[in-house]
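Chemist: The residues making up each chain are set out below.
4 protein chains.
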Amino acid sequence: MKKTIVLINCPDKKGIIATVTNFILAKKGNTTYVEQHVDHELKGFFMRLECEFDQDEKKLALFKKSFTTNVAKNHHMHWEMYNAEKTPKMALFVSKYDHCLYDILGRYASGELNVKIPVIISNHKDLKPIADAFNVPFAYIPVTKATKEKAESQQLELLKEHKIDFIVLARYMQILSANFVTQYPHKIINIHHSFLPAFPGAKPYHSAYERGVKIIGATSHYVTSDLDEGPIIEQEVVRVSHIHNVQDFILKGRDLEKIVLSRAIKHHIERKVLVYNNKTVIFS
Amino acid sequence: MKKTIVLINCPDKKGIIATVTNFILAKKGNTTYVEQHVDHELKGFFMRLECEFDQDEKKLALFKKSFTTNVAKNHHMHWEMYNAEKTPKMALFVSKYDHCLYDILGRYASGELNVKIPVIISNHKDLKPIADAFNVPFAYIPVTKATKEKAESQQLELLKEHKIDFIVLARYMQILSANFVTQYPHKIINIHHSFLPAFPGAKPYHSAYERGVKIIGATSHYVTSDLDEGPIIEQEVVRVSHIHNVQDFILKGRDLEKIVLSRAIKHHIERKVLVYNNKTVIFS
Amino acid sequence: MKKTIVLINCPDKKGIIATVTNFILAKKGNTTYVEQHVDHELKGFFMRLECEFDQDEKKLALFKKSFTTNVAKNHHMHWEMYNAEKTPKMALFVSKYDHCLYDILGRYASGELNVKIPVIISNHKDLKPIADAFNVPFAYIPVTKATKEKAESQQLELLKEHKIDFIVLARYMQILSANFVTQYPHKIINIHHSFLPAFPGAKPYHSAYERGVKIIGATSHYVTSDLDEGPIIEQEVVRVSHIHNVQDFILKGRDLEKIVLSRAIKHHIERKVLVYNNKTVIFS
Amino acid sequence: MKKTIVLINCPDKKGIIATVTNFILAKKGNTTYVEQHVDHELKGFFMRLECEFDQDEKKLALFKKSFTTNVAKNHHMHWEMYNAEKTPKMALFVSKYDHCLYDILGRYASGELNVKIPVIISNHKDLKPIADAFNVPFAYIPVTKATKEKAESQQLELLKEHKIDFIVLARYMQILSANFVTQYPHKIINIHHSFLPAFPGAKPYHSAYERGVKIIGATSHYVTSDLDEGPIIEQEVVRVSHIHNVQDFILKGRDLEKIVLSRAIKHHIERKVLVYNNKTVIFS
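Residue numbers (this note's numbering), protein chains in the order written: chain A, 1 to 284; chain B, 1001 to 1284; chain C, 2001 to 2284; chain D, 3001 to 3284.
Bear in mind the hints are in silico, worked out from the structure with no lab data behind them. Careful, some of the hints might be misleading.
Unchecked claim - A short, non-exhaustive set of chain B residues, derived as facing chain A with CB atoms under 8 Å:
1) Ile1005
2) Asn1009
3) Pro1011
4) Asn1022
5) Leu1025
6) Thr1031
7) Glu1035
8) Asn1114
9) Val1115
10) Pro1118
Stated by the list, open to error - With a Cα cut of at most 25 Å, we get these calculated PhoX-like pairs of lysine-lysine:
11) Lys1148(B) - Lys14(A)
12) Lys1150(B) - Lys14(A)
13) Lys3002(D) - Lys3028(D)
14) Lys2073(C) - Lys2027(C)
In this text, a Cβ means the ideal position worked out from N, Cα and C, and glycines have one as well.
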């Protein structure tokens, strides 16, 4: 039995649930799980189905074609279909901060993340020993203002070569160009070290300290061409007080960054995220 | 259009989702929202549907009958159907603590709770002025060991008279008899002032203080004949430290109790709770 | 024994703790509790002492004078001294939202807040019945652009008449003039319905929904002449998801607002807040 | 300037703060930070001081002697004095679970923990590659019922040899004998994977799942001869729901365990923990 995940996004309309589950049934699939969301303001309908097919790849291709013609078109659907048994390939981008890298590789080694990591890409050599310790290939591609375009070409080539499905910026301290971002739409996950939209940009912990907030946060979001303004996937917070200085904020924030980023990665891997209107639907 | 909520609980089996949504469609209903849960260990299937019917009460009764015969039987379903437009009737039981009463009545007066409160029942007169201030009838029924049975009879009579759908024990300091509880199965909501199963029984804040915990909690659950062991609906916690004494625990706990109890009441009102195996499925 | 609270703020320097506790001992006081905070960046020293004196008001006045001359001057201290046994007087400002008012009056009636409330001031009549139910005087002072100055004069007169120590804006929907604010420096507590500095100004829940955040918050702060930029006293947050619309944000936010505002009020009443550099030190 | 930390525990009495800070001043020390706690119920007084001495080790030894004679005796103090500049030595005990080990070693390598780790001790060989990757010596000491006593002897020898100050059980799946525990009183930190006192003993996530709780937790505590009943240092919780099975609880719990254990380790390293009456005072 092949487990398949279907994500659907279309205008809200009467009878969609029955239409889709019926179509799957007619094609000898079994819908094992349905979740949907209705945005009443925008009249948008969102659905995630898990279903099982007793079929080979070829027949699934036929299903896809038939679904497009007979269901998706009529309902003006954007839709995606994933083989749930295929492990996605993730590339890690890092610079010098090691805590997120340690955390992700620790989870990876423990088998907690259902993912393959064919390559870690960095603009600094500092974290290579960590990649080595976990036996993950490490590609050092330095980036300067002058070489940025060339560097991004190298990065993109590497990503293609390894058939990377999505990218995680694990405290990568470079801004990706619009050209780069466009090639991986909603497939680049960033961790920003503040509770967005508070404190976007550089040095958010310093700004939070300056403002005297009582809670700090971290935010994981998809990268878009607008810096720190992409769709938010996950956020988490922790209490601080006057006794904590900027350094304490940074230390406490590290734990947030690790947790928030790993949760966002898991949501993405499990195909639980649907993006619309610069927001995310996160199915459970 | 009549909005209707259907709650289903049955053994897991292929095709249930399509079967049910098809049946509703065939009866000219529109399924607007489906949520389900599968307990893979117990092979249990749980579903909550919201659907709309363009029908009067009479036809809905026919639907009910037909669904029972044609769907529910075959799948060995326990199922319930609610008219979402009918406001449920809630009775409040209180003793001397006023914080939960103030909180619930404040929400009630603000229109936050979609419920009617025909009566507040208490074994003490202390809180009558609060009931008066909010214009809710207050029934004083004293309870002693000797009079407990009679008192419960009076309470039950009052509940029947007011056609009460469910009961909220807002820090009611009496234990209800098994006989009483049986008449409102999964329809009596209690708030216990600890993070159950830690510190059941009397004086949980004292026990928590004694043990030196760093977090205290409150738990809302359905009352069963086993004290503090009914299905948990909602829990919440708050940090404490060595600087807090028992009195501080009690004060901090009050805010928890208010929030946890009001959340549980809302889940219940919106028919989002399904009980099985002494646990709850809380649909979103 | 008169319990007294001393709050001190001065440049950091060797020996301050011993100097102060010694001085109190020499004046036959007993220091029962000391907390301090050192801001190493700004070289600032902050201290809160609880001490007991076996003296009448007159002698305490002498102590004050002597402390000023012999200790405070040398260390360039800003300092305050409070009789911990004197209940402070709080005025409530409200408009039409009732949830914070219900919450504060409920706590007040329960004896949870060690405070007197001589008057509730409002620019609308809507909440008068609540004030009546709790037997608190209600002053209706309408405010329009044209009458604002006059209205504030009336308000200030009322505050003086009732010897108000501090003001709580419990969702008061008017902006106080700089003139008003200056007369109660760090004595006006506001509740803002967002996690500041995110979403300042009007309709923060709408903005949070628009942005697609996964957590919303509330912030209590002292009012300064810069809107929503005063020193933060307390913040709290709660999770939201795509299933929640603006109305849900507002409902969830209410519980935050109530809790955050009541915590801030308690900190203020217990003289645990020291303001400096537009930030707060909140002693435990 | 030598930074020194003093922890004091004695019966509550008038004038202790002034007495101690004066004594330090007289010995040419500067008290830079004082925190205290008074347990009014037990009449206990607890204090943590940070002070700076312009002195060598020898003179500090004299200070110690003088303090004992002139201050500690009179006030029946239990007291400890630590050189804050001396890095403590920590031994890690592990079995087969790797997440806490990865987390601690990641923090260690990042310089986040001000500690030395001379040795990791394990009853299984499984985690040796991780120790190797981080260049920390790994001692494999198998434990069976029959060899337990001998194994503990070997462990104790190793601890003495490395001059270990405290031990962290990072999911070590063996129960230490009372004899072992007694040799490191309040110096063995354990992580238990439940919100104690709920679900002590084996398989707490299974029990939590069984009970249907809505929040799970983790608890770090000092090991005493009563299993899972030692003084609690830190706890943290995370929400769960009906959609999570035992495996999900375990995965979510891992993040709690890592965070709770690392916080407890930091508190211990910074000498912020004072144990009394089977509870902890955690200074800020």
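Chemist: If a hint holds in the structure, say so; if it does not, say that too.
Modeler: Hint by hint, here is what the structure shows:
1. Ile1005: Since the shortest Cβ distance to chain A is 15 Å, the answer is violated.
2. Asn1009: violated (16 Å)
3. Pro1011: Violated - the Cβ of Pro1011(B) stays beyond 8 Å from chain A, reaching only about 14 Å at its closest.
4. Asn1022: Holds, about 6 Å.
5. Leu1025: holds (5 Å)
6. Thr1031: holds (5 Å)
7. Glu1035: Constraint on Glu1035(B) satisfied, holds at 7 Å.
8. Asn1114: violated (18 Å)
9. Val1115: violated (23 Å)
10. Pro1118: violated (32 Å)
11. Lys1148(B) - Lys14(A): violated (54 Å)
12. Lys1150(B) - Lys14(A): Status violated; Cα separation ~54 Å.
13. Lys3002(D) - Lys3028(D): Status holds; Cα separation ~12 Å.
14. Lys2073(C) - Lys2027(C): Cα-Cα ~18 Å, so holds.
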